[in-house]
Amino acid sequence: MNTLLLAQRTLVQFPRNPMVLGFSVVPVLIMYLVFGGLFSGVSDLPGFPTDNYFEYLAPTALLLATVPGMATAGVSLATDLQSRYFHKLLTTPTGVGTVMLGRLLGDCLRLAVQAALVLLLAIALGAHVESGVPGAVLMIVMGTLLGIVSFGVISANLAIRTRDAAAVQAIGPLAFLMIFLTSAYQTTDRIDSPVLRTIIDLNPAEYVLRPMRELMLSGYQWDHIAIGFLAIAGLGLLGLPLTARNYRSVYG
Amino acid sequence: MTSSSTTAARALDELIGLAGRPATPDIGDAVVLDDVAKTYPDGTEAVRGISLRVAAGESFGILGPNGAGKSTTIGVLGTLVKPTSGRAWVAGHDVVAKPIEVRRRIGFAMQDVGVDAFATASELMVLQGRLHGLRKADAVTRAQLLQRLVGLEQVADKRVSALSGGTRRRVDLAASLMHLPPIVFLDEPTEGLDPRSRGAIWETLTELRDRLGVTLVLTTHDMDEAESLCDRIGIVDHGALVVEGTPESLKSTATPTLEAVYLHHTERQAA
Numbered sequence: 001m002n003t004l005l006l007a008q009r010t011l012v013q014f015p016r017n018p019m020v021l022g023f024s025v026v027p028v029l030i031m032y033l034v035f036g037g038l039f040s041g042v043s044d045l046p047g048f049p050t051d052n053y054f055e056y057l058a059p060t061a062l063l064l065a066t067v068p069g070m071a072t073a074g075v076s077l078a079t080d081l082q083s084r085y086f087h088k089l090l091t092t093p094t095g096v097g098t099v100m101l102g103r104l105l106g107d108c109l110r111l112a113v114q115a116a117l118v119l120l121l122a123i124a125l126g127a128h129v130e131s132g133v134p135g136a137v138l139m140i141v142m143g144t145l146l147g148i149v150s151f152g153v154i155s156a157n158l159a160i161r162t163r164d165a166a167a168v169q170a171i172g173p174l175a176f177l178m179i180f181l182t183s184a185y186q187t188t189d190r191i192d193s194p195v196l197r198t199i200i201d202l203n204p205a206e207y208v209l210r211p212m213r214e215l216m217l218s219g220y221q222w223d224h225i226a227i228g229f230l231a232i233a234g235l236g237l238l239g240l241p242l243t244a245r246n247y248r249s250v251y252g
Numbered sequence: 253m254t255s256s257s258t259t260a261a262r263a264l265d266e267l268i269g270l271a272g273r274p275a276t277p278d279i280g281d282a283v284v285l286d287d288v289a290k291t292y293p294d295g296t297e298a299v300r301g302i303s304l305r306v307a308a309g310e311s312f313g314i315l316g317p318n319g320a321g322k323s324t325t326i327g328v329l330g331t332l333v334k335p336t337s338g339r340a341w342v343a344g345h346d347v348v349a350k351p352i353e354v355r356r357r358i359g360f361a362m363q364d365v366g367v368d369a370f371a372t373a374s375e376l377m378v379l380q381g382r383l384h385g386l387r388k389a390d391a392v393t394r395a396q397l398l399q400r401l402v403g404l405e406q407v408a409d410k411r412v413s414a415l416s417g418g419t420r421r422r423v424d425l426a427a428s429l430m431h432l433p434p435i436v437f438l439d440e441p442t443e444g445l446d447p448r449s450r451g452a453i454w455e456t457l458t459e460l461r462d463r464l465g466v467t468l469v470l471t472t473h474d475m476d477e478a479e480s481l482c483d484r485i486g487i488v489d490h491g492a493l494v495v496e497g498t499p500e501s502l503k504s505t506a507t508p509t510l511e512a513v514y515l516h517h518t519e520r521q522a523a
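If you read the sequences in order, they're chains A and B.
Following our numbering, the numbering of the first sequence begins with 1 at its first residue and continues without gaps.
Following our numbering, the numbering of the second sequence begins with 253 at its first residue and continues without gaps.
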């Protein structure tokens, strides 16, 4: 029950925080429109998987909504730690895990709505989700989970260490970098640089983006979907205990 | 009696009626500290073996200079600080082993006021009540009564970020009382408040203690506050309890005021 109350608080708080609202929603939609327009000619190349570049770019835009969006959740956590409101919550019969989970749940719902907005914009621009509504939901789930275990974890740890919203906000561009170093804008077989291809192969985000794009363009590739969830689980197994340990080391 | 004090008195009557209990449940000693020590990771020895007992329904003041260990001690009792050694019990529950059970029974107004800047005063208070298990309608009613009690009606729907430091402190205190806890911890509760607000809070706390048997444990620098609110006082310095007793018992011919007692003990420690 307390988890739901705290999730509700996160959702009410979100539109009131101009910093989080501004950085979380607007740049993604602008980037999607700008990059989609700028690189639309790419889809004319022979062998490109779709003739609508907005369709190819939609999963990328979805990740741009969820991954940096989860980083902004760390900003809110830092604000709570800075203002000591986090500790005020801990004077109620609520454990640290519940306070964190409440925020996480609220942020997940917020990011799911943002991701859905991106997909709706893609559909408005002529894109088609090959795997239908269930596939679209699966894309949103994968994108949101990747946001939690990647920049959700990094921003939470930074928030715990610094209690400084501005410092947490500053890592936002790294989230974009993580997504850009994938097949976000171009299929890997068309990327000439072997160094870049190696980086892409080592980037866990690629293993989540790939099945998401397949859900968008061609349907369910269950083996790729499984690998995507394995990548998410791996990051989670690494990051979540680290966050708990970090919290204990700072706040006892 | 002014109309505002009449309003507050009525609000207090209603609030006490809502508590549904005549006095603190039988919990024996409300607070027990047994040789509690706390050393922070940077090596600071904030508390060095404090032992004390506070009976249910008693009000106990912890006095001491800055850095004496007052906030750490009350933080241990409020489950926010884990002691390095020793044990502490609140309402019969170990603060380390059973923190949730402790939190059900306490209200804690912190020195660094912990408020959500993006919430309104009402939202913050209602959430605090609901986290303590109140139904929404009950939480709203209590929030309104507490707002009348501590003079927050005019700012109830304003964002906390728009409120002054003193008003935020009153919001924090009112939020801490939402579930009418049997034990209330107050870390310098009236610091930065104007005399009128301070008087209203003293009166509220005294009434809660006298009529509901609420146990109060507070830290303060303010000798008037200590004398007005506290049945017993402990003076801490350099992380240790140097003396404790009733305000009257601490005074003597050589130290006829509480301030003189305080200076006598803390300066002797410093020397």
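Just so you know, the hints here were simulated from the structure itself, not pulled from any lab data.
A couple of the hints might just be wrong.
Chain B side only, calculated, beta carbon under 7 Å to chain A, not exhaustive [unchecked claim]:
1. Arg-356
2. Asp-364
3. Val-367
4. Arg-382
5. Leu-383
6. His-384
7. Leu-386
8. Lys-388
9. Trp-454
A few chain A residues that face chain B, going by a derived Cβ cut-off under 10 Å, partial list only [what the hints assert, rightly or not]:
10. Asn-2
11. Leu-5
12. Arg-9
13. Phe-14
14. Arg-16
15. Thr-92
16. Thr-94
17. Leu-181
18. Asp-223
19. Ile-225
20. Asn-246
Simulated restraints on C-beta separations [as the list claims (entries may be wrong)]:
21. Arg-161/A <-> Arg-262/B: 19 to 27 Å
22. Gly-295/B <-> Ala-166/A: 51 to 59 Å
23. Val-195/A <-> Lys-410/B: 51 to 59 Å
24. Thr-336/B <-> Asp-164/A: 48 to 56 Å
No residue lacks a Cβ here, since even glycine has one placed at the ideal position from N, Cα and C.
Now the hints, each set against the structure:
no., hint, result
1, Arg-356, "holds, 5 Å"
2, Asp-364, "holds, 5 Å"
3, Val-367, "holds, 6 Å"
4, Arg-382, "holds, 5 Å"
5, Leu-383, "holds, 4 Å"
6, His-384, "holds, 6 Å"
7, Leu-386, "violated, 11 Å"
8, Lys-388, "violated, 10 Å"
9, Trp-454, "violated, 22 Å"
10, Asn-2, "holds, 5 Å"
11, Leu-5, "holds, 5 Å"
12, Arg-9, "holds, 6 Å"
13, Phe-14, "holds, 9 Å"
14, Arg-16, "holds, 4 Å"
15, Thr-92, "holds, 4 Å"
16, Thr-94, "holds, 6 Å"
17, Leu-181, "violated, 34 Å"
18, Asp-223, "violated, 44 Å"
19, Ile-225, "violated, 38 Å"
20, Asn-246, "violated, 13 Å"
21, Arg-161/A <-> Arg-262/B: 19 to 27 Å, "violated, 49 Å"
22, Gly-295/B <-> Ala-166/A: 51 to 59 Å, "violated, 29 Å"
23, Val-195/A <-> Lys-410/B: 51 to 59 Å, "holds, 56 Å"
24, Thr-336/B <-> Asp-164/A: 48 to 56 Å, "violated, 27 Å"
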